[in-house]
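Read top to bottom, the protein sequences are chains A and B. The working numbering puts the first sequence at residues 1 to 75. The working numbering puts the second sequence at residues 1 to 262.
Simulated from the structure, these hints should not be mistaken for lab results. Every residue gets a Cβ at the ideal spot worked out from N, C-alpha and C, and that includes glycine. Hints may contain errors.
Pulled from the structure, derived: some chain A residues nowhere near chain B, Cβ distances all over 10 Å [to be verified]:
no., residue
1, Ala-26
2, Val-51
3, Asn-60
Examples of chain B residues lying across from chain A (beta carbon under 7 Å, computed) [what the hints assert, rightly or not]:
no., residue
4, Glu-47
5, Ser-51
6, Ser-54
7, Leu-65
8, Phe-144
9, Ser-147
10, Leu-148
11, Ala-151
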Amino acid sequence: MNEFVYDVFTRKERGDRLQHVGYVDAFDDETAKIYAWTTYSEERWFEMCVVKRTNVLPVNRVDGLFVEAQKAAHV
Amino acid sequence: MSEPLNISTLEGARRDALIRLIITLADSKRILGIRYSDWTLGAPSIETGVSTSSMTQDEWGHARLLYAMLKKLGIDPAPVEHDRPGEEFASIAALDHEQPDWAGLVVLMTLADGAVSTVLRSFATGTFDLAQNRVPKMLAEEEFHASLGSAWYRRLAATGGEARQLLTSSTEAMLPGLLAWVGADDDAARLMVDAGVIGPASERLTAFRDLVRDFVALVGVDIDSVEASADWDEARGRTPGRPDEEACQRARGDLNRALLVE
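Please construct the entire structure, taking both the sequences and the accompanying hints into account.
Laid out in structure tokens, this is it:
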């Protein structure tokens, strides 16, 4: 069963910068949202969102996590 | 909605029926929490384990809120929570034993948790003010459980092989008891319907069947053809049986009795 990496972003208060707090492995968008919400529950977040790592397009790097995710998605 | 339920004039069989309803809902929440906690370690991934842990906390929080409703009827909830023997637990039969596999827990999340939410939804729109005030937040928290259950149910159903087989057998085993519980139509249940505390049995059953129809169809089960269990324990408002002793000990907090804080 295939799983994907989803990066988790949060902001604690309205107006705060959106920050990367970690990632979860999930098999679809719906479970990614649930896993993120239950895993990163240490704060009462004003906002949380998840991004499938393969949807992040690297701009200036030719190596690293996001490039690897892109490569894996196109195998 | 009818006039709010007047607790001060509630007596006899109607009062007993409301107590039975509150206890079967509260016990089901408490034992459901234990069944989720059984899989906090051993779930298919760390993320899923964290989610079952979170659902455990939700269910225990909901149970406490439900037991506390007994205060309004002049009953101290502490002995109900901590001193009852297992034979008096009124939780739904699907929760009597730990699920032997992950597919069973997914069926529990989808169908058993769904059954409890169906009755709670009916309770929340009835005439009992505490249910109107407290239950909607529980139902909002339950949306996560339903989403997780639904995603896993679809995933295992599509996988085929042993996982699908286990999903099918758990579904078939659980449904008759759940239909009997959701569609309770004995004297006590009818008293609650007459008082407007919950909706009629047919309405609850339709809501539950609509909720699960598409899921169970994925494993070849036609919800409209499944018959409810005929066996019924009128005193507790559930099908016969009881949770295993270990679950009862954990639910009562037997091992932590000296540390109990109310």
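Hint check:
1. Ala-26: Given that some Cβ of chain B is not farther than 10 Å from that of Ala-26 of chain A, nearest at about 7 Å, it is violated.
2. Val-51: The assertion about Val-51 of chain A holds, with a minimum of 16 Å to chain B.
3. Asn-60: Given a closest Cβ separation of 31 Å, the condition holds.
4. Glu-47: holds, 4 Å
5. Ser-51: holds, 4 Å
6. Ser-54: holds, 4 Å
7. Leu-65: This interface hint is violated because 20 Å lies over the 7 Å limit.
8. Phe-144: This hint holds: Phe-144 of chain B lies near chain A, its Cβ roughly 6 Å from the closest one there, short of 7 Å.
9. Ser-147: OK, holds: Ser-147 of chain B within 7 Å of chain A, min 6 Å.
10. Leu-148: Hint on Leu-148 of chain B: holds, closest Cβ of chain A at ~5 Å, below 7 Å.
11. Ala-151: Check passed: Cβ of Ala-151 of chain B comes within 5 Å of chain A, closer than 7 Å.
Violated hints, listed in ascending order, are 1, 7; each of the other numbered hints is respected by the structure.
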